[in-house]
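Residues per chain, in single letters:
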Amino acid sequence: MTDWVIETHNLTKIYQMGNIEVRALDGIDIQIERGSVISIMGPSGSGKSTLMNLLGCLDRPTGGDYILDGIHVGKMKDDELADVRNRKVGFVFQSFNLLPRQTSMANVELPMRYAGIIKGRREKAAQALQAVGLADRMTHKPTELSGGQQQRVAIARALVNDPAIIMADEPTGNLDSKSGKEIMELILNLNKTKGTTIIIVTHDPVVAEQTQRIIRLIDGKVLAEDGIA
Amino acid sequence: MNFGQAIIEAIESLNANKTRSGLTILGIVIGVAAVIAMLAVGNGAQNTITGSISGLGSNLLFVFRGNFTEEVRNPEYLTQADADAISDPFQAPSVAMVAPVINSNLEVTFSGEKTTPTINGVTPSYQQVRNMTLAEGEFINEEHILGLASVAVIGTDVADTLFGHRDGLIGETIRIEGQPFRIIGVLESVGGSAFGSEDNVVNIPITTAQTRLIRRASDRVDSILVQAASADSVSQATEEISEILRYRHRTKLGADDFTVFSQQDFVKTAQTITNVLTIFLGGIAGISLLVGGIGIMNIMLVSVTERTKEIGLRKALGARRKDILIQFLTESSLLSLLGGVIGIGLGWLIAFIVGKIAAASNTQLNPVVGLDAILLATLFSTAVGLFFGIYPANRAASLQPVEALRHE
Ligand SMILES: Nc1ncnc2c1ncn2[C@@H]1O[C@H](COP(=O)(O)OP(=O)(O)O)[C@@H](O)[C@H]1O
Ligand SMILES: [Mg+2]
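Here the protein sequences line up with chains A and B, keeping their order. Note that the first sequence covers residues 271 to 499 in this note's numbering. Note that the second sequence covers residues 10 to 417 in this note's numbering.
Treat the hints as calculated values from the structure; they're not laboratory data. As the structure is a prediction and not an experimental result, all values here were calculated from the model. Each hint should be verified, as a subset may be incorrect.
Only pairs whose alpha carbons sit at most 20 Å apart, straight line, appear in this in silico DMTMM-like list of lysine to aspartate or glutamate [what the hints assert, rightly or not]:
| id | chain 1 | residue 1 | chain 2 | residue 2 |
| --- | --- | --- | --- | --- |
| 1 | A | K411 | B | E18 |
| 2 | B | K331 | A | D329 |
| 3 | A | K389 | B | E18 |
| 4 | A | K345 | A | D329 |
| 5 | B | K331 | A | D353 |
| 6 | A | K464 | A | E452 |
| 7 | B | K331 | A | D349 |
| 8 | B | K123 | B | D169 |
| 9 | A | K411 | B | E21 |
| 10 | A | K462 | A | E303 |
| 11 | B | K318 | A | D348 |
| 12 | A | K491 | A | D299 |
| 13 | B | K331 | A | E350 |
| 14 | B | K331 | A | D348 |
| 15 | A | K347 | B | D332 |
| 16 | B | K318 | B | E18 |
| 17 | B | K318 | A | E440 |
| 18 | A | K347 | B | E412 |
| 19 | B | K318 | A | D349 |
| 20 | A | K451 | A | E479 |
| 21 | B | K318 | A | D329 |
| 22 | A | K462 | A | D432 |
Sample of chain A residues facing chain B (criterion: CB under 8 Å; computed from the structure) [claimed, not checked]:
| id | residue |
| --- | --- |
| 23 | N323 |
| 24 | D353 |
| 25 | N356 |
| 26 | N367 |
| 27 | L369 |
| 28 | L380 |
| 29 | R383 |
| 30 | Y384 |
Ideal Cβ placement from N, Cα and C applies to all residues, glycine included.
Given the sequences, and given the hints that come with them, work out the whole structure.
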C-alpha cells in the first residue's frame, strides 16, 4: 500500500460573491505520496492558490474530505488547525512574508515559539539559516537582504519545525532567474536530504520539469497528470 | 510563547511607532496624573481640616444655640447660667471643664497700626479646654474676671501686625475699639486652620467683653465649649449636657433648641464633605483616564488593521487565538502601564506644586499622594489598557489566516 501524505476526496471550495457562486475548486481527488515532489500548474484563476490554502489548512473547504498525514482535518477547530500548520506544514510564499522589523534569526524562531519550544531554539534557528547559506546574515533584517536572501530566510523558517510537507506558492515568482534557480535547488535539496514532501505551485515550466509529477488545474478541476502518478 | 518574549516583542512593536505610541501614552499620562493630583489635593484638604479640628483641643464638645437639623422657632440664647449648670459635677459627672465664649471681630490698634482680629471673651478654663500654651506671660485668671480687668492675651498674628515682633510685649497697652487693654500674655503660634488663622485672636475676660465691648444682653454667651472627662465619656457628656439644657430651656417635649457637637462629629462632617469633594474631583479626573483608554482602543484598532497581514502570517506559522490575543493585549497594557507610571510621577509633581502654591498664599494644604492612590491608578490604568485592548485584540485573533494573508 502506498503511503499517502495527502488525500482529498471531492474537495470543493465555493466563494459566494453576492448572488454569484464562484466554484474555485470543483471536486478535487488527489493523492500525494510521502516524500514526493510535485508541482501544481494551471492558468491564472484556475484555483491553484485556493487548493494550496486548503492543503495547508489555512482555509476550510466548502465540501469534501481532506486527510493530511493521517489526520482528518475537516472538522478541526481553529486552534487545532493552527497546531497542524505549525507541526506538519512549512510555507514558502511568493512575497516572502517575513516580519519586517525582526532579524532573520527571530523570523526563523517564530514557528518554534508557537510550538512552545524554548530550549535549543536559537541553535536550531542558526542551523536552519546555515542550511540555506545565510550563516552570516543572522542578525540582518529583511530590508537589509536581497529578494533571494529573504526567500532563503523563509525557507529556513519553513523547515525549522521539521514539517512533513513544504508548500510553496510560486516561490520564484518575485525573483530573478538566477536567484529563482538557487531557491529551487534549495527546496529540492530538502527533499533529497530529509525526505520532506514538497508541493510547488508554479507558472514556470522549467520549475515544473524539476518535479516528479505535475497536477494541472483548469477551472477548479484536475485536468491531467503528468509524470510518475 | 512565553511572557517575557511577549513583552519584548510588544516593546519592539511600540518602539517602531514612537510618535504614535507616545501620543497614546500621553492620553493615559494626563488621565492618571489628574486622578493622582486630585486625590492628593482632596486628601490634603481632608488632613488639613480634620487636623485643625483635632488641634482645637481634646475631647471637646461644642454647644451652639439653635438646632442644625430641625427647624426650631425662637431658640433660647445660651447663658452663663447654662454654662454654670453644665459645670455642676452632680448633674454632669462626665464633664471635666466648661468654657463659655462670646466673640466678635473688632478693631485693635497700637500707635497707628491696626488690625481686626477675633475678640474672644473667655474664662480661665478656656486655656485648658482649647489646649493653649503661652509663649510668654500668663492667661486670664479669676481675679481678672471678677474685676472686669482690661487685660488681653494676644495671638502671634496680632503681635506681628501691631508690633512687628512677638516678645517683650507684656505690659504694652493696645486699644480695642478705642479702649485701652494691657497685654498680659502672648500665645504660642498654632498656625492656620480650616477656620482661618487661630493666631489672629485677642482673648479678654468674658465679663469685660460683656460689659464694655461686645455688649450681650444680660448674661448671654455665644457658645459653650465643654471638655469631657475622657475620650470614652464624650457621648455620655453629650447626653448629660442635652438633658440639662432641655430642662433649663423647657424643651423636654419638642425639638432641642440647641446643638451639642463633638469634635468627632465635626471631623466626620468634614470628612463627608471632603470625601464628596475628593470623589467628585477624582471622578472628573477618571473621565479623562477613560478618554485616554479610548485613545488606546483607537490606536490598537489602527494597529490591527495595519498588521492584518502580519497576523495572517503568524497564524499560518501556527499562532493560536490565544497567542495573538496575548500579543495585542500586552501591547495595549504596556501602553497604559507606561502611561500610568509616568502619570503617577506627573501627578505627584502637580500635587507638590499645588502644595507649594498653597504655602506661598498662606493656605495650609499639604497634598498627600497615598500608596492607595498609586495602586489604584496603576491598577485602573492597566485595567483600562486591558479593557480597551480586548476589542481590538479579539478582532485580530478572530481573523481567518487566508483572508489576513491576502490583505495588503
Ligand atoms: N476570497 C475570494 N473570494 C472570491 N473569489 C475568490 C477568492 N479567492 C479566489 N477567488 C476566485 O477563485 C478562483 C481561483 O482563484 P485562485 O485560487 O487564486 O487562482 P490561481 O491561484 O490559480 O490564480 C478565481 O476565479 C478567483 O477569482
Ligand atoms: Mg495564485
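Evaluated hints:
no., hint, result
1, A/K411 x B/E18, "holds (15 Å)"
2, B/K331 x A/D329, "holds (19 Å)"
3, A/K389 x B/E18, "holds (19 Å)"
4, A/K345 x A/D329, "holds (12 Å)"
5, B/K331 x A/D353, "holds (12 Å)"
6, A/K464 x A/E452, "holds (18 Å)"
7, B/K331 x A/D349, "holds (9 Å)"
8, B/K123 x B/D169, "holds (11 Å)"
9, A/K411 x B/E21, "holds (13 Å)"
10, A/K462 x A/E303, "holds (15 Å)"
11, B/K318 x A/D348, "holds (18 Å)"
12, A/K491 x A/D299, "holds (9 Å)"
13, B/K331 x A/E350, "holds (12 Å)"
14, B/K331 x A/D348, "holds (11 Å)"
15, A/K347 x B/D332, "holds (15 Å)"
16, B/K318 x B/E18, "holds (17 Å)"
17, B/K318 x A/E440, "holds (18 Å)"
18, A/K347 x B/E412, "holds (17 Å)"
19, B/K318 x A/D349, "holds (18 Å)"
20, A/K451 x A/E479, "holds (12 Å)"
21, B/K318 x A/D329, "holds (15 Å)"
22, A/K462 x A/D432, "holds (14 Å)"
23, N323, "holds (5 Å)"
24, D353, "holds (7 Å)"
25, N356, "holds (2 Å)"
26, N367, "holds (5 Å)"
27, L369, "holds (6 Å)"
28, L380, "holds (5 Å)"
29, R383, "holds (5 Å)"
30, Y384, "holds (4 Å)"
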